[in-house]
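Protein sequences, first through last, are from chains A and B. Residue 151 in the numbering used here sits at position 151 of the first sequence; the count goes up by one each step and never skips. Residue 210 in the numbering used here sits at position 210 of the second sequence; the count goes up by one each step and never skips.
The hints are simulated quantities; they were obtained by calculation from the structure and are not laboratory data. In this text, all values refer to a predicted model and were calculated from it rather than measured experimentally. Mixed in with the good hints there might be a few duds.
The list makes no distinction among identical chains, and a pair is therefore deemed to hold if it is satisfied within one copy or across any two copies.
Listed next, the in silico DSS-like pairs over lysine-lysine satisfying Cα-Cα at most 30 Å (straight line) [as the list claims (entries may be wrong)]: (1) Lys331 x Lys129; (2) Lys331 x Lys110; (3) Lys361 x Lys331; (4) Lys110 x Lys143; (5) Lys143 x Lys129; (6) Lys361 x Lys221; (7) Lys331 x Lys143; (8) Lys90 x Lys110; (9) Lys191 x Lys361; (10) Lys143 x Lys361.
Number of protein chains: 2
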Amino acid sequence: MPIVVQKYGGTSVADASRIMNVARRIVETYDEGNQVCAVVSARGDTTDELIQLAGEITPHPPEREMDMLLSAGERISCALLAMAIDRLGKVAVSFTGSQAGIVTDTFHTKARILDIRATRLVEAMSDGKITLVAGFQGVSTAKDVTTLGRGGSDTTAVALAHALAADVCEIYTDVEGVYTANPSLVARARKIPVISYDEMLELAASGAQVLALRSVEYARKYGIPIHVRSSFSHTDGTWVREEDDTMESAIIRGVTYAADEAKVTVRSVPDRPGVAAYVFGALADANVNVDMIIQNVGEEGHSDISCTVPREDLVAAEQALRRVVEDLGAKGYTTDTTMAKVSVVGAGMRTNPGVAATMFKTLADIGVNLEMISTSPIKISCVIAEDRVEDAVRALHDAFGLDEEQLAVEKSDRAVGHD
Amino acid sequence: MPIVVQKYGGTSVADASRIMNVARRIVETYDEGNQVCAVVSARGDTTDELIQLAGEITPHPPEREMDMLLSAGERISCALLAMAIDRLGKVAVSFTGSQAGIVTDTFHTKARILDIRATRLVEAMSDGKITLVAGFQGVSTAKDVTTLGRGGSDTTAVALAHALAADVCEIYTDVEGVYTANPSLVARARKIPVISYDEMLELAASGAQVLALRSVEYARKYGIPIHVRSSFSHTDGTWVREEDDTMESAIIRGVTYAADEAKVTVRSVPDRPGVAAYVFGALADANVNVDMIIQNVGEEGHSDISCTVPREDLVAAEQALRRVVEDLGAKGYTTDTTMAKVSVVGAGMRTNPGVAATMFKTLADIGVNLEMISTSPIKISCVIAEDRVEDAVRALHDAFGLDEEQLAVEKSDRAVGHD
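Bound conformation, chain A alone:
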């Protein structure tokens, strides 16, 4: 019997009627002859409300207790969904992360899954029961409740799909799939029918929020096919899978942006070996997530080192840099929080060398200045002024023919039975 793992996000279970809707979808899948394990996020704003409650108590809650607090949200939605399925006449059993056998390390608020001991899930599904798992959480090797950090429920779903040897991992969300650009920004953005793990990783890493980066890494590692789709319609969404010859080869798959960047620059650092290692070692020790780095030669024997960091890491970055400046005898540091990053992603650029030139020309044509550039074999990112990021996304989406391509792809879809 095929095994389907499904994941429902917070907006899909936000109120009683949506929970009933999700219950019906799960029962449909079950009635089609599948064993079903559904991973559930916390309802709508529950997590934000819990974070606010903690904020009313203390500015620095202990992370172990934060995990105890936040894990309650998924338990609630999971139990409510089990009740909804019961009302539809099927037997569903809810499991906490711990009961589902999701064993993690002890890094609270951002734990990593070490092992999945899914015995209880397997037994329940063999008994004909629908299983529901509270997403985003596990139990540490020290037997404490842990949470998996941002996008944790996606990771729970993909990891369970692997542990259960599921045929597919369906990620249900409030949009129809992965788009060539954020549809609320680019009206003519189109849904991507199929995308490779590598491209999806780059999209997720450069700003696309529909699928969490870690879950894509996990899926790629174990070859789990992911189907990203809407819980409010029955249309096919986006399939994320291994790249192969049947996959349409777009030069550019999509355009993404991240508006929450900050740039920090350490001024006039002595230009000698080991300095960059010292600067970024200090930032890493402070748990600051550094993205792009550039180093400019400055006055005699000195250089400026710049990097981008998420804005939420800026306070930690500045703390670290104050010590760095003192230790290295640098002139000081500056910060700039008006930066954003725009990226184009596509496996086809490996064999199409003109992509970078097109990107830079497009941005130049609309008068956007490039602060930093970084590339991977299938991605080019530029740091630009935040107030131009929307213009930049629209111009790039147009320049790479993502609207026109839609027509071509739809035709070839019909011709070759693409999905």
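Given chain A's structure and the hints, the job is docking chain B onto it.
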């Protein structure tokens, strides 16, 4: 080092400032040189909100899932309280019922504690940590989350006090202790400084809501001294402990009432052996909690059997009685939901035979009719019309001199250093 178990009810942790208040109390107790284990209920209306959410999904939620849902409330308050204590500079660790080692049977929504494996609590307290336990919940022998039913957090606290060999179990609530009558009904009701387990059991069973019946049973069984007191003041509350010679011997300790009674009567049942057993067997099978019973001889060879049940059990009772009437060939059954019960409780009535007479005369003097009467060695209860119950409580409180006695007790307090 003395060990103190404390329990904080929902109103004591209703918002951030109250949680900080509770945290300060716990830290005070810790700083006085005690090991502290605090049991926490769900905040204010959390449990009601969760019940309402379930009600929006289905009228008959599966009990296992109800437990999964409701247990989330205590986890939230427990984690928030740990954060509050952390802010005060002390280390607190929160535990779910399962993590605290509270093992129950598998009767969801009303599980009973089978065993407490408090290893983790003992270790944490030995390490100098304050321990916090989510009340009202445990883990079943089938490894599912269970809840302990009404008053479950009181039971958690008393059971932990026993398991940890605590010196005292303090039950913090929003009133100053146990009163001679409900103070919102009887303005001159006074706080009872000390009361025996037996008297407290009768008070709790006959309507006093300050302490859950099961927790008192547990405390009596293991001789755990309970101190019921307010989380909003530092005054001594009510001590519940073994009866001994130092305890002031009141004839009547208090007057209680229960307004949620219903009376059911099976009409004209054949008067032969085994009939009463059959009627009450059927009610017991339907999980109906029968309180008082009377049987009246009726027409030749037949009798009427009446009993009182909680109003919330009435639907179940009627279902059972329809079958009983048919099986026994009785004339039918009637129900009356305008009944209430008023009780007087006091160990001193064992040696004071006039109590019943005083009670009946007092009620007669204010024109209250007695529908049923039941007695124990230390309690007399009367079923009366619901709309007279407040008058009855006030008249009895006055008739048994509970106001005057207050003055006498206060004097003797000063004389003998009563507490």
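Hint check results:
no.	hint	verdict
1	Lys331 x Lys129	neither (66 Å within a copy, 46 Å between copies)
2	Lys331 x Lys110	neither (35 Å within a copy, 68 Å between copies)
3	Lys361 x Lys331	neither (35 Å within a copy, 95 Å between copies)
4	Lys110 x Lys143	both (16 Å within a copy, 26 Å between copies)
5	Lys143 x Lys129	both (27 Å within a copy, 17 Å between copies)
6	Lys361 x Lys221	neither (36 Å within a copy, 84 Å between copies)
7	Lys331 x Lys143	neither (48 Å within a copy, 61 Å between copies)
8	Lys90 x Lys110	between (35 Å within a copy, 24 Å between copies)
9	Lys191 x Lys361	within (26 Å within a copy, 84 Å between copies)
10	Lys143 x Lys361	neither (55 Å within a copy, 63 Å between copies)
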